[in-house]
Amino acid sequence: MSRRARLWMFAPALAGMVALLIWGLTGLPDFGHYRGPYGKVLAKVAVPERKATNVVASTTFDYRGFDTLGEEMILFSAALGLVVLLRELRGEEEEDEEADDDEEGIEGREERTSDALRIFGLGLVGPTVVLGIYIVSHGALTPGGGFQGGLVLVTALLVVYLAGRYAAMRRVSPIPMLEVGEAGGATAFALIGLGGLVIAGIYMKNFIDPGTPKTLLSGGVIPLLNISVGLEVAGAFALAFTEFLDQTLLLRGSGGDES
Amino acid sequence: MSFLPYAVAAWLFGVGLYGVVTSRNLIHLVVCLTVVQSSTYVLLLAIGYVGAGKAPIFADIPQGTTVVDPVVQALTLTDVVVEAAVVALLLALVMQAHKRFGTLDPDELGVMRA
Amino acid sequence: MIEAVKIAALLVVAAGGTAVVLVRDPLRQAVVLSFYGLVLGVLFFAFQAPDVSLSQITVGSVGVPLMLLLTIAKVRKRERERE
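Protein sequence lines, in the order shown, are assigned to chains A, B and C. Here the first sequence stands for residues 1 to 259, numbered as in the numbering used here. Here the second sequence stands for residues 1001 to 1114, numbered as in the numbering used here. Here the third sequence stands for residues 2001 to 2083, numbered as in the numbering used here.
It should be emphasised that the hints constitute simulated quantities derived from the structure, not laboratory data. Please note that a few of the clues may not be correct.
Said to hold, decoys possible - Once the Cα atoms are required to be at most 30 Å apart in a straight line, the calculated DSBU-like pairs of lysine-lysine come out as:
#	chain 1	residue 1	chain 2	residue 2
1	B	Lys1054	A	Lys44
2	A	Lys40	C	Lys2006
3	A	Lys40	A	Lys205
4	A	Lys40	A	Lys214
5	A	Lys214	A	Lys44
6	A	Lys205	A	Lys44
7	A	Lys40	B	Lys1054
8	A	Lys44	C	Lys2006
9	B	Lys1054	C	Lys2077
10	B	Lys1099	C	Lys2077
11	B	Lys1054	A	Lys214
12	B	Lys1054	A	Lys205
Claimed, not checked - Derived contacts from chain C toward chain B, CB cut-off under 7 Å, selection only:
#	residue
13	Ala2014
14	Val2020
15	Leu2040
16	Thr2071
Glycine included, C-beta positions come from ideal geometry on N, C-alpha and C.
Start from the sequences and build out the full structure, keeping to the hints where you can.
Right, here's the structure in full:
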């Protein structure tokens, strides 16, 4: 059906749906009067039981660890689908061009970035990596954890690309290493849960001694899960960026690259 | 006025959906989908908020102070990262669609053949 | 009663979301999306959720706009070669 007909059908449907949504939302308790017992019980009980001061981290990786396993698998399959789609795209394009090899062509054509950018970038890479590792490892104590820290690590990789050349970024993070890192992170997460099954009889049960609060090794199995999640998130996003950059910088025989 | 967070969540949902339906560019469509996703984050966090509560990190506040609900925060934070990966997948699909059909207009897809 | 900070953050988020949808050119939308990601991060921070705010700022201000820019570059490159 034509576009106008579709839009005319959409307008009342949207109005009706938003009205229903608002009517449903008025049934919720008032803002600020949270009623549910789960959150209050967790806030009271999480630190004495698991000795991890970040209650959100112990919820994500311990009390609701099974949900996080599902999210990990979503992340993994999204990265997998992305790689399959873009590899096929690149494979077809490399067939109908007589272009030269990736590495040399790119190195020859990219202009040098300005010196100020290179120095600034060089200065930023080290602290960013340290910050990423800090956020990942202190996930059980302060806000942070695997998800956030993994993304900060990917930012370090991007700084290498921005300040240097694409070839430098590829040399620092070859695709097989990224794939192994990502798959390794996902597998480690599932296997640690399996360890809970083997040692304590319940899948994903926290089977390591919790330790004392506010130390790095508190929370039992939570720091390990943080590290595996950080590995996977960093691997998945670095893979996504590398594949996207590959697509953009792919050279053709006659044209040049614009970046 | 205490209905404002829920109203903003519903507004974002409606606006994002409107953007998805009336979009003429596939990339614009994917970004409007991001807005719809963000409405769910706002709704989740608004549900879990406890009046005069603090962040649920007990590193420097004594045990027993009122904190906001940690469960919805756990759900939202994994959600944010995973949805970004899904958006990456959608953008790769957009690239493929552009290659096959030569156009980014959702209405023209399936008509031209590359 | 909600505090003024939360009210202001909510209104800016609503305006930002509307702006992201109403900007039709994908290139400009990437910039507006980056700003919207930051504003959402501030809102989550006002809601006492620092973990969520961290994730949102990294992903929404850096991750997604960057992927958008790369997609736009790729699409434009192919269109230029097609002519």
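Quick rundown of the hints versus the structure:
Between the alpha carbons of Lys1054 of chain B and Lys44 of chain A the distance comes to roughly 14 Å, so the proposed pair stays at or under 30 Å and holds. At roughly 23 Å between alpha-carbon atoms, Lys40 of chain A and Lys2006 of chain C fall within 30 Å of each other, so this suggested pair holds. Taking the CA atoms of Lys40 of chain A and Lys205 of chain A, the gap is near 21 Å; set against the 30 Å cutoff, the hint holds. The straight-line distance between the Cα atoms of Lys40 of chain A and Lys214 of chain A is roughly 22 Å, inside the 30 Å bound, and the hint therefore holds.
Taken as a hint, the Lys214 of chain A and Lys44 of chain A pair is honoured in the structure, with Cα atoms around 17 Å apart against an allowance of 30 Å. The suggested pairing of Lys205 of chain A with Lys44 of chain A holds, with an alpha-carbon distance near 20 Å, which does not exceed 30 Å. Straight-line distance between C-alpha atoms of Lys40 of chain A and Lys1054 of chain B comes to about 13 Å, which keeps the hinted pair within the 30 Å bound. Restraint check for Lys44 of chain A and Lys2006 of chain C: satisfied, since their Cα atoms lie roughly 26 Å apart, inside the 30 Å limit.
A threshold of 30 Å between alpha carbons decides the hint, and for Lys1054 of chain B with Lys2077 of chain C the separation of about 50 Å lies outside it, so the pair is violated. For the hint linking Lys1099 of chain B to Lys2077 of chain C, the alpha-carbon distance of about 11 Å falls within 30 Å, and the restraint holds. With a C-alpha separation of about 19 Å, the suggested pair Lys1054 of chain B and Lys214 of chain A falls inside the 30 Å cut-off, and the hint holds. This hinted pair checks out: Lys1054 of chain B and Lys205 of chain A have alpha carbons roughly 28 Å apart, not beyond 30 Å.
The closest approach between the C-beta of Ala2014 of chain C and any C-beta of chain B is roughly 5 Å, which is under the 7 Å cut-off, so the hint is satisfied. The criterion of a C-beta within 7 Å of any C-beta in chain B is met by Val2020 of chain C, whose closest approach is roughly 5 Å, and the hint holds. Interface restraint check for Leu2040 of chain C: the shortest CB-CB distance to chain B comes to about 6 Å, inside 7 Å, so the restraint holds. Evaluation of the Thr2071 of chain C hint against chain B yields a held restraint, the C-beta minimum of about 5 Å falling below 7 Å.
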